[in-house]
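Visitor: Sequences listed follow chains B and D, in order.
Each residue of the first sequence is one higher than the last, beginning at 1 in my numbering.
Each residue of the second sequence is one higher than the last, beginning at 1001 in my numbering.
Treat the hints loosely; a few may be bogus.
Cβ-Cβ distance ranges computed for the label pairs, FRET-style [unchecked claim]:
id: 1; chain 1: D; residue 1: Asn-1085; chain 2: B; residue 2: Asn-218; range: 52 to 62 Å
id: 2; chain 1: D; residue 1: Phe-1012; chain 2: B; residue 2: Asp-140; range: 52 to 62 Å
id: 3; chain 1: D; residue 1: Phe-1014; chain 2: B; residue 2: Lys-21; range: 39 to 49 Å
id: 4; chain 1: B; residue 1: Asn-169; chain 2: D; residue 2: Asp-1061; range: 23 to 33 Å
id: 5; chain 1: D; residue 1: Glu-1130; chain 2: B; residue 2: Asn-104; range: 37 to 47 Å
id: 6; chain 1: D; residue 1: Asp-1078; chain 2: B; residue 2: Ile-24; range: 22 to 32 Å
id: 7; chain 1: B; residue 1: Ser-23; chain 2: D; residue 2: Leu-1011; range: 55 to 65 Å
id: 8; chain 1: D; residue 1: Glu-1130; chain 2: B; residue 2: Thr-126; range: 24 to 34 Å
In silico BS3-like pairs for lysine-lysine, Cα to Cα no more than 30 Å straight-line [claimed, not checked]:
id: 9; chain 1: B; residue 1: Lys-71; chain 2: D; residue 2: Lys-1104
id: 10; chain 1: D; residue 1: Lys-1118; chain 2: B; residue 2: Lys-127
id: 11; chain 1: D; residue 1: Lys-1118; chain 2: B; residue 2: Lys-182
id: 12; chain 1: D; residue 1: Lys-1104; chain 2: B; residue 2: Lys-182
id: 13; chain 1: D; residue 1: Lys-1104; chain 2: B; residue 2: Lys-38
id: 14; chain 1: B; residue 1: Lys-71; chain 2: D; residue 2: Lys-1099
id: 15; chain 1: B; residue 1: Lys-38; chain 2: D; residue 2: Lys-1077
id: 16; chain 1: B; residue 1: Lys-131; chain 2: D; residue 2: Lys-1088
id: 17; chain 1: B; residue 1: Lys-86; chain 2: B; residue 2: Lys-76
id: 18; chain 1: D; residue 1: Lys-1118; chain 2: B; residue 2: Lys-71
id: 19; chain 1: B; residue 1: Lys-131; chain 2: D; residue 2: Lys-1077
id: 20; chain 1: B; residue 1: Lys-226; chain 2: B; residue 2: Lys-86
id: 21; chain 1: B; residue 1: Lys-182; chain 2: B; residue 2: Lys-84
id: 22; chain 1: B; residue 1: Lys-182; chain 2: D; residue 2: Lys-1099
The set of hints was computed from the structure by calculation and includes no laboratory data.
Beta carbons are placed, not taken as given, at the ideal position from N, Cα and C, and that holds for glycine.
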Amino acid sequence: MNRRNFIKIVSFGGAVTVATKLSIDAFSGTNANQHSGKRWAMVIDTRKCIAQGGECRKCIEACNDSHNIPKFENPKDEIHWIWKDKFKNAFITSENHYLPQKLNEQKVLLLCNHCDNPPCTNVCPTKATWKRDDGIVMMDWHRCIGCRYCIAACPYGSRSFNWRDPRQNIGNLRDDYPARTKGVVEKCTFCDELIARGGMPACVSACEEGALRFGDLNNPDSDVRKILLDNFSIRRKPELGTSPEVYYIV
Amino acid sequence: MYDTMKILFGLFLFVAFFTAPLWFNSFGTPDYKPEIVYPENYDECIASKEYMNHYHMNILDDWRDQVVRADIRFFVKDGSPYLINGEKAQMSLSHTCMKCHDNKSEFCDRCHDYLAVKPYCWDCHVAPEEVKK
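The following block holds chain B by itself, in its conformation from the complex (with noise of 0.2 Å):
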């Protein structure tokens, strides 16, 4: 073979594979992209919880009610999607020093804050858990293995892992959403099921006192885009780099 027809050859081989490459691209994923342009996030109001005098669970309750979500008095197979903690605890990098006692001890809610950045899809070996283009961080049951380095990544304590069979311990079992079997991984997923129809999640819509809000941060006229704008808010381990999306108002 001479020069000339081996670079004729090679020039060939490489139109083609970038034509295929190309049309690949241009017939793939059609319908993967529906939600693109949104953000969704939650703002919490901190001081409409303390008014309340920290004892309010509508939240909590709703939440572990409308999701299955099995009750174990061993705070070791604890279940939590959205729970409370002291402020010092949870917010725990802060490096403010003298803060108010009251606040430190203060309850919080805290729930996954799905992350922009988040460290447990990175690590699971199955992708039974990833970010969705509107910014949920999804979880998929049929594939969890449990092998728990998403539990590991998640520096906020979000994911928990049924080390029983949650089943026995659901207090009022429902048809409309699944429970989980032992050995997989479960967290809040902002309600994947209620905002595919358009509602709210259900915490949000059980506080009276839209201490709650959530919305579209891509949105300017959205909610929690304008409360945002009126105070000021803090996240939590935002130096972690991994942009949690839930603002706290304290």
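Following the hints, position chain D against chain B.
Guide: Below, chain D alone, put in the same frame as chain B:
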């Protein structure tokens, strides 16, 4: 070879005995067929009875992937949303299938038990009769 006839006869008996159920079922009518209770108040399903008999598991598998992974919730048939009682049908075992076929033990289980298949849908998903009314 010694005792050829005896051995062949023994082999024939052995094969005939162990394949007997097969012959009975292929040349006669099977003695037992699972009795499935169909819902009374509905007369249409998302597909024909024959199709559902053979492919319901593939439909459910496909629905699962579309709903959970792509967030596509509603069932589209022949290019338009499929309606049940005027409402868009969700691609959902609990919200769509079990709303009509609300008796798992007399619908799903009878066939599955007969065929010795154990689908793990119900490890997580909750059948209507499990709910305390």
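Visitor: Hint by hint, say whether it matches the structure.
Guide: Hint check:
Between Asn-1085(D) and Asn-218(B) the Cβ separation comes to about 36 Å, which falls outside the hinted range of 52 to 62 Å. At roughly 54 Å, the beta-carbon separation of Phe-1012(D) and Asp-140(B) lies within the given 52 to 62 Å, and the hint holds. Evaluation of the 39 to 49 Å hint for Phe-1014(D) and Lys-21(B) yields a failure: the beta carbon distance comes to about 60 Å. Range check, Asn-169(B) to Asp-1061(D): Cβ separation about 29 Å, and the 23 to 33 Å hint holds.
Distance hint for Glu-1130(D) and Asn-104(B): a CB-CB separation of about 45 Å, consistent with the stated range 37 to 47 Å. The hinted window of 22 to 32 Å between Asp-1078(D) and Ile-24(B) holds, with their beta carbons roughly 28 Å apart. Restraint check, Ser-23(B) to Leu-1011(D): a C-beta distance of roughly 60 Å satisfies the suggested window 55 to 65 Å. Between Glu-1130(D) and Thr-126(B), the C-beta spacing of about 28 Å keeps the proposed range 24 to 34 Å intact.
The hinted pair formed by Lys-71(B) and Lys-1104(D) meets the criterion: a straight-line CA distance of about 27 Å does not exceed 30 Å. As the CA atoms of Lys-1118(D) and Lys-127(B) are separated by approximately 25 Å, the hinted pair is consistent with the 30 Å bound. At most 30 Å may separate the alpha-carbon atoms for a hinted pair to count; Lys-1118(D) and Lys-182(B) meet this at roughly 17 Å. A C-alpha spacing of about 23 Å is found between Lys-1104(D) and Lys-182(B), which places the hinted pair at or below 30 Å, so the restraint holds.
The suggested pairing of Lys-1104(D) with Lys-38(B) is violated, with an alpha-carbon distance near 39 Å, which exceeds 30 Å. Of the supplied pair hints, the one linking Lys-71(B) and Lys-1099(D) holds, its CA atoms being roughly 28 Å apart against a limit of 30 Å. Among the hinted pairs, Lys-38(B) with Lys-1077(D) is consistent with the structure: their alpha-carbon atoms are about 28 Å apart, no more than 30 Å. About 27 Å separates the Cα atoms of Lys-131(B) and Lys-1088(D), which keeps this hinted pair within 30 Å; it holds.
This hinted pair checks out: Lys-86(B) and Lys-76(B) have alpha carbons roughly 18 Å apart, not beyond 30 Å. A C-alpha spacing of about 28 Å is found between Lys-1118(D) and Lys-71(B), which places the hinted pair at or below 30 Å, so the restraint holds. For the proposed pair Lys-131(B) and Lys-1077(D), the alpha carbon gap of about 29 Å is at most 30 Å, so the pair holds. For the hint pairing Lys-226(B) with Lys-86(B), the CA-to-CA distance comes to about 27 Å; that is within 30 Å, so the pair holds.
Restraint check for Lys-182(B) and Lys-84(B): satisfied, since their Cα atoms lie roughly 24 Å apart, inside the 30 Å limit. At most 30 Å may separate the alpha-carbon atoms for a hinted pair to count; Lys-182(B) and Lys-1099(D) meet this at roughly 27 Å.
Of the numbered hints stated above, those contradicted by the structure are hints 1, 3, 13, listed in ascending order.
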